[in-house]
Each structure stands twice: as C-alpha cells, then as structure tokens.
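S.K.: Sequence:
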Amino acid sequence: MIQRTLKSILRNKGVPAQLLLIKPYQFNFSTVKTEMKQYKADKIIRDTNSQVIYDISKNQSECWNCNSRNFQSNLFICGSCQHLQDPSESITSMNYFKLFEMNLSYEIDHQELTLRYKDLQKSFHPDKFYGLRNPKIIKFSETYSTYINEAYSTLRDDLKRAEYLIDLLTHGQKADLENKIDENKNFLHEIMMERMEIEECETEEQLQEIQERLLCQQKEINSKIDNCLKQQDYQKATEYLVRMRYNQSSQQSIKSRCEQMIHQK
6 MIQRTLKSIL
16 RNKGVPAQLL
26 LIKPYQFNFS
36 TVKTEMKQYK
46 ADKIIRDTNS
56 QVIYDISKNQ
66 SECWNCNSRN
76 FQSNLFICGS
86 CQHLQDPSES
96 ITSMNYFKLF
106 EMNLSYEIDH
116 QELTLRYKDL
126 QKSFHPDKFY
136 GLRNPKIIKF
146 SETYSTYINE
156 AYSTLRDDLK
166 RAEYLIDLLT
176 HGQKADLENK
186 IDENKNFLHE
196 IMMERMEIEE
206 CETEEQLQEI
216 QERLLCQQKE
226 INSKIDNCLK
236 QQDYQKATEY
246 LVRMRYNQSS
256 QQSIKSRCEQ
266 MIHQK
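First residue of the sequence shown: 6, per the numbering used here; consecutive thereafter.
Think of the hints as simulated: they come from the structure by calculation, not from any bench.
None of these values were measured; they are calculated from a predicted model.
Glycine is no exception: its CB is placed at the ideal position from the N, C-alpha and C atoms.
Hints are supplied without guarantee of correctness; some may be wrong.
Quick list of simulated restraints, FRET-style, between CB atoms [as the list claims (entries may be wrong)]:
1. Glu217 with Asp91: 41 to 51 Å
2. Gln213 with His176: 34 to 44 Å
3. Ser93 with Ile267: 45 to 55 Å
Please work from the sequences and hints to get the whole structure.
M.R.: Written as structure tokens, this is what we have:
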C-alpha cells in the first residue's frame, strides 16, 4: 500500500517509470531526486546525439549504391554497404585540417599528422580496391588517395601550411593581403646581401654557418605567424609569410651552391 502510494505521488511529479522500481525500505526522497537529475542529464545527451545523427543523415546525400544515408562514422564510406562515395560530393566540404581531424592551427603535431595519414591511406589506397574489379570504385579510391597525399604534403610543409591556412581563414583573400604589403627597402637589401654572401662562399663550412642562421630565422618566423593567426591579425601573418618565402628561397640557394661545390671537386 505504501509502495503504491509513493509511486502514485512520484508518477504525478513526472518521475520516469524506470525510477519507480523502489522497495519501501529503500525509499529516500534525496535518492530519487539525485536519480531524477541524472536521468534528465542522460536524456539531454541522448536527445542531442540523436539530433546530431539526424542532422548528419538529413544533410548527407544518399549512397549511390544502396540509397541509404548511413554516414555516421565516415562521410566517405557508406556504413550500410561499405562502398566508397563520390569524392566530388564528399571531399569539397572537407578541408585538409578536418580531413586529418586536426584543429585549424599553424602549430601541429607532425607525428600525429603522419600517423593519421598512414591510417587514411590504408583505408583509401587503390591497391585495396583493385580486387573488386569495379572501375567506378577504383576511380573513387584514386581520387581520395590523391587528395590525401596533397593534403599531407601541404600540412607537413611549414610554408605550404601557412599559405593554405591563411587562405582558408581569410576565405580566399590571401592574394589581396599580399598585394597590400609594402615591402621594406631595408628588408629587400638584406635579402640581396644574403644572396651575394651565399654566392661568395668558398667552403661548405661557410654555407653551413649561413644555413644555421637561416634556420634560426625560420623558427622565429614560424612562431610569429602562429601568434598572428591566433590573434586573427591576418595582414601581419601574411607579411611574415612573405619573409618565410625569401628564407626558404635562400636555403634552396645554399643547397644549390653546395651541390655546385661537390661537382667542382
């Protein structure tokens, strides 16, 4: 009788049925209150997850092979029939950082990038699909593999990553930002003198000394680009990007000069 009365009271207060499985000697209002809070919290999570899954399915195109929208774990592969999807539809909305599940940041974990690159190539490399003898699937895998290689090549290189990220964050306005740069005459003079110094080097030791100096400069430029992007100062970040180009060009000149010295021996 007591148990039925308690259940009736609690049910009228909106307590879910699964929380009404109480024995009289176990009953405690504080316990029910705690359980009720947890139930509501769990329900919010369940409802949110359901909505997210619904939104993904609603916005995702149907699988070309089985017409399902089962893409909850992978936008590139149908969760029902495991067929690769058309890259022209799925890749266009996936920038390089999103592809490798990395934050939009200039500073990246190169080891993590390489591991994710290898995982992606295992999943999409054409060799995995040749056995299917399906030209359409093989063509899809080749497109994905090319895109993955291109993305990896860009993100692993400091200069390419900076160019790509600035263009991404400014919605394609990087070229306009570069046109606004008023290159300092002193800076251009420094570059010219640096090139002359490289050409006048007579030993590999002299070239190595300049190379070490350039590497220190590059490290400093990397830090400044990262700080500028975090502060959303894209104009200043673009100015340092131009300096990085000159820096890497000088490093390439050193490499060429070293090769020239080797051939002259």
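S.K.: Hint numbers the structure violates, sorted upward?
M.R.: none
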